[in-house]
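The listed protein sequences correspond, in order, to chains R and A.
Numbered per the numbering used here, the first sequence spans residues 1 to 115.
Numbered per the numbering used here, the second sequence spans residues 116 to 231.
Any given hint might turn out to be false.
[To be verified] Okay, the calculated beta carbon distance ranges per label pair:
#	chain 1	residue 1	chain 2	residue 2	range
1	R	SER10	A	SER229	22 to 28 angstroms
2	A	GLU178	R	SER20	36 to 42 angstroms
3	R	TYR100	A	CYS128	32 to 38 angstroms
[As the list claims (entries may be wrong)] Calculated Cβ distances over 10 angstroms to all of chain R for the following chain A residues:
#	residue
4	ASP142
5	THR164
6	ASP224
[Stated by the list, open to error] Example chain R residues on the side facing chain A (calculated, C-beta under 7 angstroms, incomplete):
#	residue
7	GLN9
8	GLY42
9	LEU45
10	LEU103
11	GLY108
These are computed hints drawn from the structure, not numbers from a lab.
Quick caveat: nothing in here was measured; it's all calculated off a predicted structure.
For each residue, glycine too, the CB sits at the ideal point set by N, CA and C.
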Amino acid sequence: GQQLNQSPQSMFIQEGEDVSMNCTSSSIFNTWLWYKQDPGEGPVLLIALYKAGELTSNGRLTAQFGITRKDSFLNISASIPSDVGIYFCAGQVYAGGTSYGKLTFGQGTILTVHP
Amino acid sequence: GAVVSQHPSWVICKSGTSVKIECRSLDFQATTMFWYRQFPKQSLMLMATSNEGSKATYEQGVEKDKFLINHASLTLSTLTVTSAHPEDSSFYICSAIAAGGNQPQHFGDGTRLSIL
Numbered sequence: 001g002q003q004l005n006q007s008p009q010s011m012f013i014q015e016g017e018d019v020s021m022n023c024t025s026s027s028i029f030n031t032w033l034w035y036k037q038d039p040g041e042g043p044v045l046l047i048a049l050y051k052a053g054e055l056t057s058n059g060r061l062t063a064q065f066g067i068t069r070k071d072s073f074l075n076i077s078a079s080i081p082s083d084v085g086i087y088f089c090a091g092q093v094y095a096g097g098t099s100y101g102k103l104t105f106g107q108g109t110i111l112t113v114h115p
Numbered sequence: 116g117a118v119v120s121q122h123p124s125w126v127i128c129k130s131g132t133s134v135k136i137e138c139r140s141l142d143f144q145a146t147t148m149f150w151y152r153q154f155p156k157q158s159l160m161l162m163a164t165s166n167e168g169s170k171a172t173y174e175q176g177v178e179k180d181k182f183l184i185n186h187a188s189l190t191l192s193t194l195t196v197t198s199a200h201p202e203d204s205s206f207y208i209c210s211a212i213a214a215g216g217n218q219p220q221h222f223g224d225g226t227r228l229s230i231l
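One chain only, chain R, in its complex shape (with noise of 0.2 angstroms):
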């Protein structure tokens, strides 16, 4: 199925140090949402960004959704130790019928933080 362009896939980066990741797509979306998967376990909702050009923070982590609603970015600051994890963005849409509230994922920015 349809899938969001993620990159970068993978990141190595030494504690400290800034993180930034994005996401394009062909479509609009109603919804940006960024998710962090640690290993053996579901994605943790990070930031939901609803409008365009909203730009929202949550501690170190600040994401933008974009004007075209076709992109966002997600930005880490200060990475720490336990900020390794996967990162999925995912455009959310909220057309009627069987397509409410369906996501359309990223392929994940595997992020590995060196201490």
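Given the coordinates of chain R, assemble chain A onto it according to the supplied hints.
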């Protein structure tokens, strides 16, 4: 808030066994629940969308007779993998959306299914 509980967290069983996985929204009513399958180092693959009181909508290529979904209440959906075989071994994850507009999906912790 928005806690989704999934049970069991892992299952090991013999080939031919049917396995039921439960997904519960603990602190909200979920009009819609979703079931995903995830292979190692890959993104989540949507299997089906489950609406309370109606038949589930399956994604293309997902066998509805193989993966039975029941959404009997606003807080519970179940996925039954019928006559499971080794190729059904995977990580299954559910998610739920609360009623009201523009709600994000909240995920359970997943079920690791291993078929011997």
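Hints, one by one, checked against the model:
1. R:SER10 <-> A:SER229: 22 to 28 angstroms: Once the Cβ atoms are compared, 27 angstroms apart, the range 22 to 28 angstroms for SER229 of chain A and SER10 of chain R holds.
2. A:GLU178 <-> R:SER20: 36 to 42 angstroms: holds, 40 angstroms
3. R:TYR100 <-> A:CYS128: 32 to 38 angstroms: holds, 34 angstroms
4. ASP142: Nearest chain R Cβ is 14 angstroms from ASP142 of chain A, so the label holds.
5. THR164: violated, 6 angstroms
6. ASP224: violated, 5 angstroms
7. GLN9: violated, 10 angstroms
8. GLY42: holds, 4 angstroms
9. LEU45: holds, 6 angstroms
10. LEU103: At 6 angstroms from the nearest chain A Cβ, LEU103 of chain R passes the 7 angstroms test, so the hint holds.
11. GLY108: holds, 5 angstroms
When each numbered hint is compared with the structure, violations occur for hints 5, 6 and 7.
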